[in-house]
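Protein chains in written order, with numbering that gives the first Met the number 0: chain R, 0 to 371; chain W, 0 to 414; chain C, 0 to 370.
Be aware that one or more of the hints could be misleading.
Below, a list of computed lysine-lysine pairs in the DSS-like style, where the Cα atoms sit at most 30 Å apart [to be verified]:
no., chain 1, residue 1, chain 2, residue 2
1, R, Lys287, W, Lys20
2, W, Lys233, W, Lys312
3, R, Lys287, R, Lys268
4, R, Lys268, W, Lys408
5, W, Lys20, R, Lys268
6, W, Lys320, W, Lys408
7, W, Lys276, W, Lys408
By construction, these hints were calculated from the structure, which means they are not laboratory data.
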Amino acid sequence: MRVLSWAFQLLVFAVVAAIFFWLWGNFTRNTEASGIPTNFDFLSNPATFSIPGADFSPNEPVRNAYIVGVLNTLRVSVVGSILATILGTLIGIGRLSRNWVVSRLSAVYVELFRNIPLLVLLTFVFLGVVLQVMPSIEVSWNPLDWFVVSNRGIGVPWYDGVTGWSLSLVFTIGVVSWWMIARWRQSVFERTGRPSHAGLLGGSFFVLTLIVGWIVLGGAVSLPAVDGRQIVGGIRIDPSFFAILLALVIYTASHIAEIVRGSIQAVPKGQGEAAAALALTGFQRMWKVILPQAMRIAIPPLGNQYLNLIKNSSLGAGFSYFDITNVTQITVGNGSPAVPAFFLALVFYVVISLITSALVNVANRRFELVER
Amino acid sequence: MTASAPTTLGTGTRAYRWARKNLFRTWLDALLTLFFGGFALYIVVTFLQFVFVTGRWGIIDVNLRLLLVGRWPADELSVIAVAVVVLGLWVGLIAGIVHGRQIRRETSAVASMSMSQRVSDLVRRFGLIFGTVLLLLVLTDTTGPWLMAGATIVAGVGGRILGGIASQMAVPHWFARGALLMMAAVPFALFFFLTGTVPLADWEGFYFNITSAIAGIILCFPLGVLLALARRSKLRLLQGLSVAYIEFVRGAPLFVLLLMANVSLEFFVPASLAPSKTIRAIVVFTIFTGAYLAEIVRGGLQSVPRGQEEAAKSLGLSPTKQMGLIVLPQALRNVIPAQIGQLISLFKDTTLAGLALGILDLLSAAQAITQQEGFRGQGLIVETLVFVGFLFWVGSFTMSRESQRLERKLGVGTR
Amino acid sequence: MKKIKLLAVFAVMALVFAACTDDGDAADTTAANGEEPATTQAEGGDGAAGGALLAEVQERGTLNCGTRDAFPGFAVLDANGEHVGFDSDFCRAIAAAVLGDAEAVEHVDLETADRFTALQSGQIDVLVRNTTWTAGRDGVEGATFLQVNYYDGQGMMVNTGDFSSVTEMDGVVICSAGGTTTEGDAAAEAARLGLDWEIRSFPDTDLLQEAFQAGQCDGWTSDTSQLTGLRSVYPDGPEALTILPEVFSKQPLAPAVLDGDTAWAQAVNWAIIATIQAEEFGITSENVDDFLDTDDVNIRRFLGLDFEGDEGDTTTFDPGLGLPLDFAYQVVSQVGNYGEIFEEHLAPLGLERGLNALWTDGGLMYAMPYR
Numbered sequence: 000m001r002v003l004s005w006a007f008q009l010l011v012f013a014v015v016a017a018i019f020f021w022l023w024g025n026f027t028r029n030t031e032a033s034g035i036p037t038n039f040d041f042l043s044n045p046a047t048f049s050i051p052g053a054d055f056s057p058n059e060p061v062r063n064a065y066i067v068g069v070l071n072t073l074r075v076s077v078v079g080s081i082l083a084t085i086l087g088t089l090i091g092i093g094r095l096s097r098n099w100v101v102s103r104l105s106a107v108y109v110e111l112f113r114n115i116p117l118l119v120l121l122t123f124v125f126l127g128v129v130l131q132v133m134p135s136i137e138v139s140w141n142p143l144d145w146f147v148v149s150n151r152g153i154g155v156p157w158y159d160g161v162t163g164w165s166l167s168l169v170f171t172i173g174v175v176s177w178w179m180i181a182r183w184r185q186s187v188f189e190r191t192g193r194p195s196h197a198g199l200l201g202g203s204f205f206v207l208t209l210i211v212g213w214i215v216l217g218g219a220v221s222l223p224a225v226d227g228r229q230i231v232g233g234i235r236i237d238p239s240f241f242a243i244l245l246a247l248v249i250y251t252a253s254h255i256a257e258i259v260r261g262s263i264q265a266v267p268k269g270q271g272e273a274a275a276a277l278a279l280t281g282f283q284r285m286w287k288v289i290l291p292q293a294m295r296i297a298i299p300p301l302g303n304q305y306l307n308l309i310k311n312s313s314l315g316a317g318f319s320y321f322d323i324t325n326v327t328q329i330t331v332g333n334g335s336p337a338v339p340a341f342f343l344a345l346v347f348y349v350v351i352s353l354i355t356s357a358l359v360n361v362a363n364r365r366f367e368l369v370e371r
Numbered sequence: 000m001t002a003s004a005p006t007t008l009g010t011g012t013r014a015y016r017w018a019r020k021n022l023f024r025t026w027l028d029a030l031l032t033l034f035f036g037g038f039a040l041y042i043v044v045t046f047l048q049f050v051f052v053t054g055r056w057g058i059i060d061v062n063l064r065l066l067l068v069g070r071w072p073a074d075e076l077s078v079i080a081v082a083v084v085v086l087g088l089w090v091g092l093i094a095g096i097v098h099g100r101q102i103r104r105e106t107s108a109v110a111s112m113s114m115s116q117r118v119s120d121l122v123r124r125f126g127l128i129f130g131t132v133l134l135l136l137v138l139t140d141t142t143g144p145w146l147m148a149g150a151t152i153v154a155g156v157g158g159r160i161l162g163g164i165a166s167q168m169a170v171p172h173w174f175a176r177g178a179l180l181m182m183a184a185v186p187f188a189l190f191f192f193l194t195g196t197v198p199l200a201d202w203e204g205f206y207f208n209i210t211s212a213i214a215g216i217i218l219c220f221p222l223g224v225l226l227a228l229a230r231r232s233k234l235r236l237l238q239g240l241s242v243a244y245i246e247f248v249r250g251a252p253l254f255v256l257l258l259m260a261n262v263s264l265e266f267f268v269p270a271s272l273a274p275s276k277t278i279r280a281i282v283v284f285t286i287f288t289g290a291y292l293a294e295i296v297r298g299g300l301q302s303v304p305r306g307q308e309e310a311a312k313s314l315g316l317s318p319t320k321q322m323g324l325i326v327l328p329q330a331l332r333n334v335i336p337a338q339i340g341q342l343i344s345l346f347k348d349t350t351l352a353g354l355a356l357g358i359l360d361l362l363s364a365a366q367a368i369t370q371q372e373g374f375r376g377q378g379l380i381v382e383t384l385v386f387v388g389f390l391f392w393v394g395s396f397t398m399s400r401e402s403q404r405l406e407r408k409l410g411v412g413t414r
Numbered sequence: 000m001k002k003i004k005l006l007a008v009f010a011v012m013a014l015v016f017a018a019c020t021d022d023g024d025a026a027d028t029t030a031a032n033g034e035e036p037a038t039t040q041a042e043g044g045d046g047a048a049g050g051a052l053l054a055e056v057q058e059r060g061t062l063n064c065g066t067r068d069a070f071p072g073f074a075v076l077d078a079n080g081e082h083v084g085f086d087s088d089f090c091r092a093i094a095a096a097v098l099g100d101a102e103a104v105e106h107v108d109l110e111t112a113d114r115f116t117a118l119q120s121g122q123i124d125v126l127v128r129n130t131t132w133t134a135g136r137d138g139v140e141g142a143t144f145l146q147v148n149y150y151d152g153q154g155m156m157v158n159t160g161d162f163s164s165v166t167e168m169d170g171v172v173i174c175s176a177g178g179t180t181t182e183g184d185a186a187a188e189a190a191r192l193g194l195d196w197e198i199r200s201f202p203d204t205d206l207l208q209e210a211f212q213a214g215q216c217d218g219w220t221s222d223t224s225q226l227t228g229l230r231s232v233y234p235d236g237p238e239a240l241t242i243l244p245e246v247f248s249k250q251p252l253a254p255a256v257l258d259g260d261t262a263w264a265q266a267v268n269w270a271i272i273a274t275i276q277a278e279e280f281g282i283t284s285e286n287v288d289d290f291l292d293t294d295d296v297n298i299r300r301f302l303g304l305d306f307e308g309d310e311g312d313t314t315t316f317d318p319g320l321g322l323p324l325d326f327a328y329q330v331v332s333q334v335g336n337y338g339e340i341f342e343e344h345l346a347p348l349g350l351e352r353g354l355n356a357l358w359t360d361g362g363l364m365y366a367m368p369y370r
């Protein structure tokens with residue numbers, strides 16, 4: 000029986016391996032016949048294309064373009080995940096609201112955006128909103144004179160005048176003091192039972208440290224403005240980044256809202272009632288009692304949504320956002336061999352997915368431990 | 000929709016009490032109600048205005064055929080009509096037979112309903128689709144589609160009645176089995192009937208989105224089940240292969256896989272075997288969805304109580320029969336809602352084939368027609384995208400509601 | 000323990016297969032790989048570059064020509080779904096030369112990004128899709144470029160009235176199609192002129208046009224011929240756009256075939272040259288039949304007619320290209336000469352012959368002697 004099962008497995012393995020060898024044989028023969036490179040040397044060739052919004056010159060090697068692409072994918076994924084979680088949680092809670100208008104509106108949001116393809120949404124955001132609703136640079140909107148909104152990008156105020164190292168030093172001091180204050184308040188709480196307010200005190204100290212350090216170091220705020228045909232000052236949000244981010248957030252939030260709703264409903268009713276019996280306000284009840292428990296249930300499906308978001312961000316390539324997919328496509332168009340170039344992109348996505356799911360597993364385990 | 004609900008509650012005082020309870024419980028509530036109510040009202044008014052007043056829907060009217068079936072030859076459209084009518088008959092027959100069996104087992108939900116209740120049940124469940132089809136019919140200016148719709152309804156109802164009668168008849172076992180096989184062969188026969196007229200490579204428009212999603216979900220089924228069984232098996236090598244496949248495919252974006260199929264497939268297969276873009280898309284859909292289906296089926300296998308397998312074993316069934324006759328059917332039945340969920344996301348994802356492979360699917364067609372002579376540069380993309388989004392929404396929303404209904408009916412999660 | 004066993008098994012498997020492939024490549028000895036070399040050879044014939052593409056195309060009876068479907072002047076789909084344009088006609092000319100039938104063409108629509116992979120993989124026999132001849136493409140992409148059929152230069156298109164010269168364009172956004180040579184050339188030009196350009200590339204021309212129309216870009220850079228074609232169908236009318244006078248890089252557009260099949264490359268090359276030669280001789284699709292009784296030996300040779308040889312005997316000329324004797328006749332009679340093709344598709348857009356005039360008229364079009 001054991002021998003038979005091993006023989007069977009070997010047979011399956013042999014078939015799979017044979018298919019691979021066949022494909023590989025075709026590949027080497029086809030590339031040899033046409034003299035196309037199959038190695039990764041192309042990474043050292045000059046890129047010959049530019050990347051808007053990045054400090055990247057066409058003379059740099061393709062390798063650097065890949066790095067910019069990876070960073071852009073990570074940027075839209077991280078910002079998108081955070082914003083989608085916030086929006087999705089609000090809408091998920093909104094669906095359970097006793098306010099009829101709020102719950103109906105949330106339900107309509109969820110049912111609307113969950114059931115249309117992301118690509119339709121993205122096309123709409125780029126072609127309909129960015130290109131048609133947002134004004135051209137000549138007639139840009141300047142709300143409060145702090146922002147510049149145009150279809151060439153959105154200018155947002157940003158810090159200025161402080162270099163990276165000193166700023167990160169201040170940042171580190173802030174974080175460390177936050178942590179120390181939290182430890183101290185926790186010990187006070189454990190001795191006296193008085194409310195610790197660790198987050199409030201530590202957080203305000205952190206913000207204070209940042210502001211003081213930044214002023215001491217001679218920092219200033221840089222406001223965006225229109226100069227000729229470009230946005231100068233502040234920081235510019237690329238229109239394609241804006242489009243893919245908005246579409247991803249709207250779409251993913253509709254899925255997250257359903258997860259949050261289900262998780263809240265899965266928290267035993269008694270928890271809410273007990274919190275009410277302790278005279279907690281509605282906000283405290285949700286923030287301190289129900290949401291922490293709901294989030295524990297929600298972690299695995301939320302992790303799935305983050306994975307989907309990362310993979311869906313590849314659609315930005317179709318709308319001039321320079322993520323890794325777009326960099327791959329363009330460098331292939333400019334002469335890099337297609338198979339190794341796409342292989343790199345694919346490996347990146349698979350690795351990033353595996354890392355993300357590992358992180359989700361770690362988070363899941365941590366929260367499970369707290370429960371028991 | 001915000002204003003109508005209170006009045007349905009009848010008298011003034013009741014409406015007042017309802018509003019007090021649901022809209023103005025606290026001052027914060029009142030604020031929320033006013034803010035979001037105003038917001039909703041603004042959206043609804045703007046949207047209605049867009050649909051009925053400002054929307055320039057002429058572009059949809061002119062290009063309806065291109066959007067729905069792409070460049071399918073006009074004089075071959077009757078082939079699609081025939082296929083749809085046959086499909087209607089087929090669905091009717093199946094519904095009738097299933098219903099007959101349910102009556103025999105006394106599990107039917109609708110047997111106790113009157114005729115009007117049944118109709119209203121159908122309208123509630125599929126009204127959106129009927130409405131959409133009606134809308135599309137109104138937009139056409141030929142009689143063909145009307146004839147097709149009429150014939151489909153007749154065929155569907157006829158099939159339903161026939162199926163009901165057939166399921167009551169006592170037939171020999173071999174006959175029933177043969178009939179079942181023939182029923183199963185109908186979709187394949189229809190497929191070959193259709194490809195015989197217009198090759199698969201030229202399937203475009205919404206027709207492509209629908210058929211490729213269905214083809215993908217049917218074709219990925221054997222793959223997904225095999226992968227799930229391999230992943231659960233004690234054979235380490237098989238398990239390893241299956242895990243590697245599933246994790247790799249699930250880690251890769253569908254869009255990138257489609258792009259790769261577009262530019263690098265020819266390196267791996269001989270030029271004579273290199274398939275058309277449509278087939279490439281369907282193959283990638285199958286490979287991709289197979290990995291997800293495997294995980295769904297694995298969940299289903301885990302949900303089957305161990306006792307089932309042990310009971311089967313004690314009956315002396317072979318391991319293959321234990322799995323094939325006892326465990327797998329229950330597992331697959333338990334995860335029907337999840338499978339429908341997968342079909343929905345595949346249905347939506349078929350739009351990626353347009354962007355990655357240059358297939359003229361519904362979304363690409365909607366973008367392409369805004370570049371036509373006479374429509375160019377007028378910002379009509381909003382109209383066409385709303386139309387596209389609406390078609391996808393109707394399909395996905397109906398399917399997701401049906402899957403929720405099935406979930407309740409199967410009692411998944413309550414057991 | 001189990002893991003170690005598993006690893007061991009994998010290692011053994013890997014060894015076994017490595018051994019198998021070594022044997023298989025040398026001589027098909029093992030049963031598992033016995034089929035491999037056989038299939039290899041079977042596919043060698045119809046593979047990407049078997050070295051006999053000419054015979055293969057003639058046997059197949061159709062030419063797979065890589066082109067595009069929405070490019071005014073060069074290749075667009077007409078109402079009947081037929082490919083019409085300058086490039087499409089060169090596809091037809093090649094088919095007429097090789098197969099004797101200008102309509103025996105399968106036009107394969109390609110995107111910018113996948114045009115070379117289509118060529119490399121054997122999906123198409125020849126690429127005629129206004130592609131710039133560069134050394135890198137000759138080398139890394141494995142393409143062999145042939146007789147240039149359009150000498151182009153990169154230009155800049157702006158909204159009429161915004162700018163009158165490229166040098167005025169400082170601190171602007173320039174849009175181009177991604178994955179093309181124009182993108183890098185634009186960056187080089189900006190660096191040369193010391194101008195600050197943000198270059199934004201788009202995956203397809205439709206999207207680029209939408210973005211340009213909405214005002215995302217100040218300039219639209221591409222080959223001048225492309226810009227002229229796109230300008231002619233611009234939604235706000237051609238006069239809304241201006242093509243600036245500067246031309247800032249050489250863009251010779253040429254058909255390309257895959258490296259490694261000289262016979263096929265020469266056959267395609269002479270199909271292109273035949274259109275130029277015909278114009279030099281003054282032969283058009285209208286009057287080609289009048290030349291059938293001409294006394295000019297050069298023309299008789301060109302059209303594949305018999306002529307009086309050196310020793311006074313009647314002979315015909317076969318250069319040994321593997322093409323039918325009358326291939327030039329077929330090209331001219333079914334498609335036309337270079338001037339006719341240009342006049343039909345590019346002149347209506349407002350493009351001048353310029354560099355693309357015959358050398359006798361001060362241009363660069365010069366047919367190699369057919370002897």
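The hints, checked one at a time:
Of the pairs offered as hints, the one joining R:Lys287 and W:Lys20 holds, with about 25 Å between alpha carbons and a cut-off of 30 Å not exceeded. With a C-alpha separation of about 17 Å, the suggested pairing of W:Lys233 with W:Lys312 holds against the 30 Å cut-off. Annotation: proposed proximity of R:Lys287 to R:Lys268 holds, straight-line Cα distance about 15 Å (limit 30 Å). Using a Cα cut-off of 30 Å, the hinted pair R:Lys268 and W:Lys408 holds, with the two alpha carbons roughly 25 Å apart.
Proposed proximity of W:Lys20 and R:Lys268 is supported: the alpha carbons are some 21 Å apart, at most 30 Å. With a C-alpha separation of about 27 Å, the suggested pairing of W:Lys320 with W:Lys408 holds against the 30 Å cut-off. A C-alpha spacing of about 40 Å is found between W:Lys276 and W:Lys408, which places the hinted pair above 30 Å, so the restraint is violated.
When the structure is compared with the earlier hints, a violation turns up for hint 7 alone.
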